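Participant: Chains as they are written, first to last, in this note's numbering: chain A, 1 to 274; chain B, 1 to 252.
Read the hints as simulated data drawn from the structure, not as lab findings.
Computed list of lysine-lysine pairs in DSSO-like fashion (alpha-carbon distance at most 30 Å, straight line):
id: 1; chain 1: B; residue 1: K218; chain 2: B; residue 2: K232
id: 2; chain 1: B; residue 1: K179; chain 2: A; residue 2: K113
id: 3; chain 1: B; residue 1: K179; chain 2: A; residue 2: K105
id: 4; chain 1: A; residue 1: K30; chain 2: B; residue 2: K232
For clarity, every value in this text was computed on a predicted model and none was experimentally measured.
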Amino acid sequence: MRGCADVRALLGDEAVYEAAAAEAFPEYNKAHLVSLELPDRSGDIIITTYGELDKNNYLDPRTAQVATVNHIKQNCTELRPAADEELPSAYIEEFRSALDVELSKYVGEAYPKGVCAVYCTSGKDIEGPGANFGFAAVISAARRSPQNFCNGSWRSIWTLEFSDESQFVEIKGKIQVGAHYFEEGNVQLDTNIDYKYSTILQSAEDCAVSVTNIIRHHESEYLSSLEESYLNLSDATFKDLRRKLPVTRTLFAWHNTLALSLTRDLAKELAIGK
Amino acid sequence: MEAAMDLVRRMPPGSTETALNALLSLLPDHSIDLLSQVDLPLQVCMDKESLKEYILCEYNRDADSYRSPWSNKYEPPLEDGTVPSEDMRNLEIEANEVFSVYRDQYYEGGISSVYIWEDEDKGFIACFLIKKDGQGKRGYMQIGSWDAIHVIQVGPEEEGAAHYCLNSTVMLSLTTDNKQSGTFNLSGSIRRQMSMTLAVADGHLVNMGKMIEEMEGKLRNSLDQVYFGKTKEMVCTLRPPPEVLNMRLPDR
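With the rest of the complex left out, here is chain B (with noise of 0.2 Å):
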């Protein structure tokens, strides 16, 4: 298992379906495992009633049925499929308003779908996911895919303050290709993880938010200066540019 898991971090992103895929057939025992810790590309599904799109996942899974937050219902539908409580549920519908309105002034666009439910020790867990693929409203990107994933645990409130801990992931894939540059490529994941303890006074959705907001500002940036800036690196050492040839000229 820890070797499967080795090699889905070297793999390229774009490749992780199939590499799932054969680590299925090899580890068939693991099957759970792998599931629940490789992270694969969100799928989306359309809520008839309400014809918006939600987020696939775990989280919103009974049996083959995945239940929308906009209707509650499961599609395809299940007589018996669980749903959350009423508070829960009550949370869950805000929390999916006013996310959807963050995702907007982030993302112009995209998908997002938020999941509540009750945890075993007197507290919930709650699910995040955004999606935003396509060209982008400025066509810079020939095509480009975001994939969100933050779960936060919330612990019982005691005396006015409550635990979180925020596990996020991000996936994203950007391509720009035109005739000067031909195709370029960057792909990747990284997953981080955040807690604190807060006043539940404000409510927990917007200590949620705020920590979700902290955190992809942090991963955005990582990916942006970190990430990005490395493979830039690589290829500047590999082929250095013009200036850095002739400041080494003296040397010679």
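In isolation and in its complexed conformation, chain A is listed as follows (with noise of 0.2 Å):
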């Protein structure tokens, strides 16, 4: 929140900062998957654009409840059961809540401080089979640890899209990882990756099952890939940029320097002499 107070300053006008700000934190809460605690203290709900109902309102799915969120002091103020027109069938509901549950499990398990969401993006009204619909499962673990300079965020976004015709579920995902440590420097980490698979549509719990394992498995894949990119970077990927040791492995020979522009002068002359 320094962050914040730097900007108060520099624009020195509490109304444009106001104005500014009102504009700036909804895209950053929603860009970056921001989790607040329920006013009822019964979990998170994660401020996305898959559960924005207005600009300050938002849909908990899990609890069926909505949220309504003040987005720069980055809590929630009230909440209120969610409409029956704000929420999927009880067909989809089932889909839905099937993979809340698995989702929920696998997140628990993976990550200290995450949290999950599930939400019906498209044929939210369907009473039984015979239609497409699409779901996005969204993941969000963030740090914050200013007093130790660093902050972190792992962000995943999948995307299914049920299909009636082919009796397939399409899967696309995107990954987005985080990091800013700022102690007497600032060196940020900022990664991503997109993937694509699918798997046949089944019942409820067979889809949420086979669904989980994918996320599971290529969340699991990337970080090893992450682990991977950290291990080359100090042997191979930074070395592209500066060695640690000139490529006679030895200091550079400043006394010889004299010695050196000697040679160079030389070789000039030689050079012109040809």
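Got two chains here, separate frames each, mind docking them using the hints?
Facilitator: Right, here's the structure in full:
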């Protein structure tokens, strides 16, 4: 929040700051899948476009509640039960809640401070088989520890298209990981990857299990590949920018530089002589 | 101004230029301070005589022209552009030669420039710049860049010794991109200071060179071990690797 004080001081105009913050915070909160504790402490709600009813109201599909959010203070002020028209049909809810249960189990195991939610993105009023529908499964894990000069977030969005014609579920995933360390410096990690996969459309429970398995598999693979990128960093990638030691494997011979520039002059003269 | 610098220190390093432009329009009265304190990726120009590239900075700028360390001429040409004294120019020529060899040994490519000019208190100031970018010769990176700025203030010689004060900044960005691991970017900047009083017997260039070499080694090591390490630690806190999770299982 130090950044806010800085921006406020820079702008030197409270009204301008308020207007800018009112624009910037909702964008930031949604892009970073910020999670906020529900006022009744029944869980966390993720700020995402998938659950956005209007600028300040967000649906929590698990508890079927709508939370009013203060984007700038990053807290929830009110909570009300969702209206029927804001919720999916019983048929869709069966698929949604089954996936939510499986996904929550997985997120609980894999992320010490992770939260997740499953939203219906299309076809929420379908009453039974015979039509297509879509979900978005969102996972967010964040750490803020400015006292240790570091912040970080893991965000995954998995979109699922349940196709009635093909009897397949198309899965697309995007994982973004960011980390920031700023003690006497400023170093940031920024990574992302996209996945595409499909699985057979089965019963709600079977779909939930196979989709969660796919997500678990790709996210663990991704973590391993991040670790591998770090392993290669110091000996390969970073070496391509600047070596630890010169090609000669000894410190640079500054004392011989006079000789060196003489040799160069000589070489030049020879080159001219040719 | 303090708030502005505070923000710049926290911005994603790739957005520094955007941030600087925004700050300049907000604080036009502080434009000189902002331009000198916010480090941007180094720009390069071609010396038309020697066909060698050189680095642009505040220290070789006069009006809108930049002086080449190779030909000592300004581009765009400047009739009365300031140039260093003959002594300083001779040291500058030698420093550029030697530093090119140093740069080649550590960076296996890249561009370097050294600018030297008299200081008011009978000493002098030298600015050593290195810019390296591209894919690197081993091809591990999709794209990478390293910009190093070393400014050394050298005090007047007293009883065979001089005081050297070095201020160094390194800005770097490296991106790897492949199908399995996606886009992986680490970027950042650090600034450090080092002061020493050294015998001038071996010459200023040897002293300055050794300080820069030591400093670059330290900066590279901090970035590699501390800064990159901390971001990795953060990733593993967000999602612990399986071996860490397995160790925790008995607790449940």
